[in-house]
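Below are the chains, spelled out letter by letter.
There are 2 protein chains.
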Amino acid sequence: MERKVKKVAILGQGLIGSSITRAIFHRNLPLEVVVTDASEQVCKRLLELGLGRAKVVFSNEEAVKDADLVIGCVPVASYASMVKEVAPHLKLGAILSDVGSVKEAVIEQTLPHVPGNVDFVPAHPIAGTEFSGPDAGLPKLFSDRWCIVTPAENSNEEAVTAVCSFWESIGSKVEVMSAEEHDHVLAITSHLPHLSAFSIFHTARKHEESSGTPVAQYSAGTFRDFTRVALSNPHMWRDIIMLNHKALSEAFEQFSRDMKNILAAAEEGDNRRLEELISESRKMRAENINEEDFSRKKAKVTDAFPSEIAKPYSTD
Amino acid sequence: MERKVKKVAILGQGLIGSSITRAIFHRNLPLEVVVTDASEQVCKRLLELGLGRAKVVFSNEEAVKDADLVIGCVPVASYASMVKEVAPHLKLGAILSDVGSVKEAVIEQTLPHVPGNVDFVPAHPIAGTEFSGPDAGLPKLFSDRWCIVTPAENSNEEAVTAVCSFWESIGSKVEVMSAEEHDHVLAITSHLPHLSAFSIFHTARKHEESSGTPVAQYSAGTFRDFTRVALSNPHMWRDIIMLNHKALSEAFEQFSRDMKNILAAAEEGDNRRLEELISESRKMRAENINEEDFSRKKAKVTDAFPSEIAKPYSTD
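Protein sequence lines correspond, in order, to chains A and B. The opening residue of the first sequence carries number 1 in this note's numbering; numbering runs sequentially from there. The opening residue of the second sequence carries number 1 in this note's numbering; numbering runs sequentially from there.
What the hints contain is simulated information worked out from the structure, not anything from laboratory work. Keep in mind that the hints are not guaranteed to be accurate.
Said to hold, decoys possible - With a cut-off of at most 30 Å between alpha-carbon atoms, the simulated DSSO-like pairs for lysine-lysine come out as follows: (1) B/K173 with A/K206; (2) A/K283 with B/K173; (3) A/K246 with B/K283; (4) A/K206 with B/K246; (5) B/K206 with A/K283.
To be verified - Output of the computed footprint for chain A on chain B, the stretches with three or more beta carbons under 8 Å from beta carbons of chain A: (6) 203 to 213; (7) 217 to 231; (8) 238 to 246.
Stated by the list, open to error - Partial chain B-side listing against chain A, Cβ under 8 Å, derived: (9) L29; (10) L31; (11) E181; (12) I278.
From the three backbone atoms N, C-alpha and C, an ideal C-beta is built for every residue, glycine too.
Whenever a hint applies, use it, and build me the whole structure from the sequences.
What follows is the structure in structure tokens.
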């Protein structure tokens with residue numbers, strides 16, 4: 001059995017929220033969509049943009065009225081207070097979901113505010129760019145990307161199925177796992193790369209200060225790609241690192257051991273082992289990431305809204 | 001005073017070597033160019049490709065004959081033996097240069113084989129892609145990119161000026177610094193990002209093995225860009241890490257401290273400091289790397305030889 005979703009409220013219309021709105025209309029899904037944003041300026045911009053048949057309202061309270069599915073697309077640190085605010089206004093039997101990059105800590109903070117007659121089914125679409133705001137949204141942002149759904153143990157199955165179906169209907173591949181496992185996986189595939197990108201500029205600056213030689217400027221594509229996400233929204237990433245710092249610290253410790261392991265092979269002059277470790281990585285990269293799929297989709301996505309103004313902030 | 005360069009020999013026609021050849025003819029430089037490669041198959045491919053007016057020969061000995069400037073574009077670990085081989089055949093007063101990613105260790109290994117009547121002026125163009133081989137070369141690979149020239153203390157000034165001028169003539173910005181300083185800078189901007197990309201797949205695999213959950217597949221643009229260079233040539237990167245492991249280890253130690261510093265701010269719940277550290281990185285990224293310049297050049301470069309077959313191997 002699946003819970004019928006007719007009306008969706010999307011609270012927050014930044015990169016992710018407005019991409020969901022665009023995806024719904026891009027795919028002509030038979031849904032009533034109400035959107036809002038904490039920023040009045042963003043709400044006004046939404047009226048200018050006119051995203052599909054989305055109804056723009058100026059408060060969370062008004063947005064969630066009669067909604068079968070409410071998706072909070074607000075910063076992870078604001079999620080609990082947003083839920084507290086809308087709780088009294090949620091429809092009986094509504095499904096409450098989100099798109100946050102951190103799950104366990106946010107669920108812990110939020111759960112006490114979720115009314116008993118509402119189903120809470122957290123989710124995280126693994127997609128993003130380094131841009132943010134309502135202009136940065138893309139109708140195909142979620143196409144062929146994973147969305148991880150992290151229900152609680154006692155989550156209503158019909159509600160979980162409904163959230164999975166919603167993400168599939170806008171193009172995502174869906175996987176269900178525990179919040180804890182999600183946080184460990186994302187610590188490796190997203191939070192650790194961000195931490196690395198942020199950190200390497202401090203490393204470069206220290207060398208610049210001690211040697212008097214510029215460092216970061218003597219770089220090419222490797223450094224540019226490695227550090228692209230350092231352009232991300234500092235406020236958002238402060239919150240993600242703060243909320244997932246335990247899993248991230250564990251991932252960092254292992255990452256550090258793995259780097260030391262490669263360096264040890266070099267120090268010992270063990271050519272065979274060094275090349276083996278690098279070759280294994282190359283194989284894993286080739287097996288896990290389909291570059292063609294990315295470039296194909298990127299081209300399509302970029303073509304979709306070429307003239308939109310977007311600020312350089314990241315989220316995935 | 002500048003040494004006159006009329007004839008250039010380029011030994012090795014992989015990504016970098018063949019890009020130099022292409023750049024010379026793309027810019028119509030009045031130079032006689034002789035090229036060769038250790039691989040007979042590559043030499044035959046060069047004849048098929050017909051890169052400008054380059055003369056293809058089948059041995060290093062033949063290539064360096066009468067050359068005013070000899071540029072070794074061979075793997076860093078083969079450089080010393082290549083120099084040993086060509087030494088008896090170099091013209092009196094020839095300039096010997098290279099393009100290697102590691103300078104100090106390679107110079108140390110090579111210098112004993114450089115004849116007294118030849119000027120040795122190592123160089124390193126900071127440019128590359130994850131592809132390799134003669135088909136991967138691009139005529140604008142060096143346009144607006146840095147080339148670092150690392151003369152020895154007793155290098156002949158005219159020879160140093162000639163090497164700088166050569167790189168400027170194919171579009172590079174040139175900087176002169178010591179081999180030691182070069183190796184520290186590149187350890188941060190190139191070798192550390194490669195080490196990170198190689199290592200994170202081992203981190204991901206360990207979590208996959210212990211948890212039974214796939215990790216690397218649940219990734220988006222962040223992880224793709226962070227790990228692109230893991231597709232690089234394992235043999236080449238084995239040698240770079242092996243030859244520069246001291247500077248790289250130092251860079252890693254500082255990088256590790258910088259990551260711990262950000263994590264410590266999170267652990268202590270110090271929101272202000274955490275956001276400050278991230279904001280500083282964002283500022284340094286924005287100041288040091290001009291994305292527009294990259295995308296503009298990338299578009300041009302890609303357009304140049306759209307149909308060429310290239311293998312996914314990296315070098316910068």
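Inset, instruction - Starting from the hint list further up, note which numbers the structure goes against and sort them upward. - result: Failing hints, ascending: 2, 9, 10.
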